[in-house]
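Colleague: The listed protein sequences correspond, in order, to chains A and B.
Numbered according to the working numbering, the first sequence spans residues 1 to 109.
Numbered according to the working numbering, the second sequence spans residues 1 to 116.
If you are wondering where the hints come from, they were derived from the structure by calculation, not from laboratory data.
Just so you know, even glycine gets a beta-carbon here, dropped at the ideal spot from N, CA and C.
Hints may contain errors.
[Said to hold, decoys possible] Which chain A residues face chain B? A few, computed with CB under 8 Å, are given here:
hint, residue
1, N31
2, Q33
3, Q42
4, L43
5, N45
6, Y48
7, F86
8, C90
9, G92
10, N95
11, K96
12, L97
13, F99
14, T101
15, G102
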Amino acid sequence: GIQVEQSPPDLILQEGANSTLRCNFSDSVNNLQWFHQNPWGQLINLFYIPSGTKQNGRLSATTVATERYSLLYISSSQTTDSGVYFCAVCPGGGNKLTFGTGTQLKVEL
Amino acid sequence: GAVVSQHPSWVICKSGTSVKIECRSLDFQATTMFWYRQFPKQSLMLMATSNEGSKATYEQGVEKDKFLINHASLTLSTLTVTSAHPEDSSFYICSAGGLSSYNEQFFGPGTRLTVL
Numbered sequence: 001g002i003q004v005e006q007s008p009p010d011l012i013l014q015e016g017a018n019s020t021l022r023c024n025f026s027d028s029v030n031n032l033q034w035f036h037q038n039p040w041g042q043l044i045n046l047f048y049i050p051s052g053t054k055q056n057g058r059l060s061a062t063t064v065a066t067e068r069y070s071l072l073y074i075s076s077s078q079t080t081d082s083g084v085y086f087c088a089v090c091p092g093g094g095n096k097l098t099f100g101t102g103t104q105l106k107v108e109l
Numbered sequence: 001g002a003v004v005s006q007h008p009s010w011v012i013c014k015s016g017t018s019v020k021i022e023c024r025s026l027d028f029q030a031t032t033m034f035w036y037r038q039f040p041k042q043s044l045m046l047m048a049t050s051n052e053g054s055k056a057t058y059e060q061g062v063e064k065d066k067f068l069i070n071h072a073s074l075t076l077s078t079l080t081v082t083s084a085h086p087e088d089s090s091f092y093i094c095s096a097g098g099l100s101s102y103n104e105q106f107f108g109p110g111t112r113l114t115v116l
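Isolated chain B (complex conformation):
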């Protein structure tokens, strides 16, 4: 149990294009999903929290117009990086909570984004 998938696992795009990353909880309903960003040799930084059917809550310093988050169902959240630039290149990881009454989070395998 507690399997979270992400798609795609890696993507290369040209500067100025938009990229959508999907995060799915495969065997449980995720009341809350989280999006993180990780630069090489660094820790994970929380970008935003999303709850099904409501607007995402962004952490300080994260541009909500650049990183669009949609949590359309209890098993799917998407992150769209709009007008991507090379500085947006990073490892993006989602997590899901809600498997139990505890606030344990389960993580997807991550998406490596490279913007040329």
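Looking at chain A on its own, in the form it has when it is part of the complex:
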């Protein structure tokens, strides 16, 4: 099956810093989503981005489908950004999400 790897696995930032999270996948996809899992376990949809670039406030994402990777940018990080960030993909022709390994982010004062 498709492999989804995220980097870095762990990240500690000072409040106000910027960061880039990466998601690499091993096959073509028809869906790519970025999520933030908060400390209570809720998955919050950040972006639906199988290709192209999107921005939402301090967050933006870019997917280069032909090169099989996606990037999530967090600018001016805040302590509330702490948690685990997952990317998840659907292989072409399917509707089942395969989740990546996750990036654990901690933003400190």
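For this one, chain A is given, so just place chain B on it according to the hints.
Modeller: Frame of chain A; chain B shown alone:
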């Protein structure tokens, strides 16, 4: 829009009992619902896919007789963990798709199951 609820949010039960978890799409009709399982410090693993009115499709290694899934309507899917044992303790999360023509999924808040 795109709100998915789960009930209960947490449950503690004795070994050998059965537990039912409900997943509802509150403001849209979900043509497909998915059930995931997440162990501490790990990623989400898909357990099964369910479509309204048809049998669920289980992923390899998931016991369909232990994890019974019913998708009775376009807004409700249930997962029943039968004869639960301590190794079934986990965080169970459902998702729903079908809000738009895209295959974007929206997730419920999860149910934490502890089997004593």
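Colleague: Hint by hint, note whether the structure agrees.
Modeller: Tested hints:
At a threshold of 8 Å, the smallest CB-CB gap from A:N31 to chain B is about 5 Å, leaving the interface hint in force. Interface restraint check for A:Q33: the shortest CB-CB distance to chain B comes to about 7 Å, inside 8 Å, so the restraint holds. The beta carbon of A:Q42 is positioned within 8 Å of a beta carbon in chain B (closest approach about 5 Å), and the interface hint is therefore held. Interface hint at A:L43: satisfied, since its Cβ lies 4 Å from the closest Cβ of chain B, which is below the 8 Å cut-off.
This hint holds: A:N45 has a C-beta 6 Å from the nearest C-beta of chain B, less than the 8 Å allowed. The criterion of a C-beta within 8 Å of any C-beta in chain B is met by A:Y48, whose closest approach is roughly 4 Å, and the hint holds. With its C-beta approaching chain B no nearer than about 7 Å, A:F86 sits inside the 8 Å limit, and its interface hint holds. With its C-beta approaching chain B no nearer than about 6 Å, A:C90 sits inside the 8 Å limit, and its interface hint holds.
This hint is violated: A:G92 has a C-beta 11 Å from the nearest C-beta of chain B, more than the 8 Å allowed. Evaluation of the A:N95 hint against chain B yields a held restraint, the C-beta minimum of about 5 Å falling below 8 Å. Interface restraint check for A:K96: the shortest CB-CB distance to chain B comes to about 6 Å, inside 8 Å, so the restraint holds. Hint status for A:L97: holds, given a least beta-carbon distance of 6 Å to chain B, under 8 Å.
Hint on A:F99 holds. Least Cβ distance to chain B is approximately 5 Å, under the 8 Å limit. The restraint placing A:T101 at the interface with chain B holds, with a minimum CB-CB distance near 6 Å, inside the 8 Å limit. Given hint, A:G102 at the interface with chain B, holds; its Cβ is 6 Å from that chain's nearest Cβ, closer than 8 Å.
Of the numbered hints given earlier, the model fails hint 9 alone.
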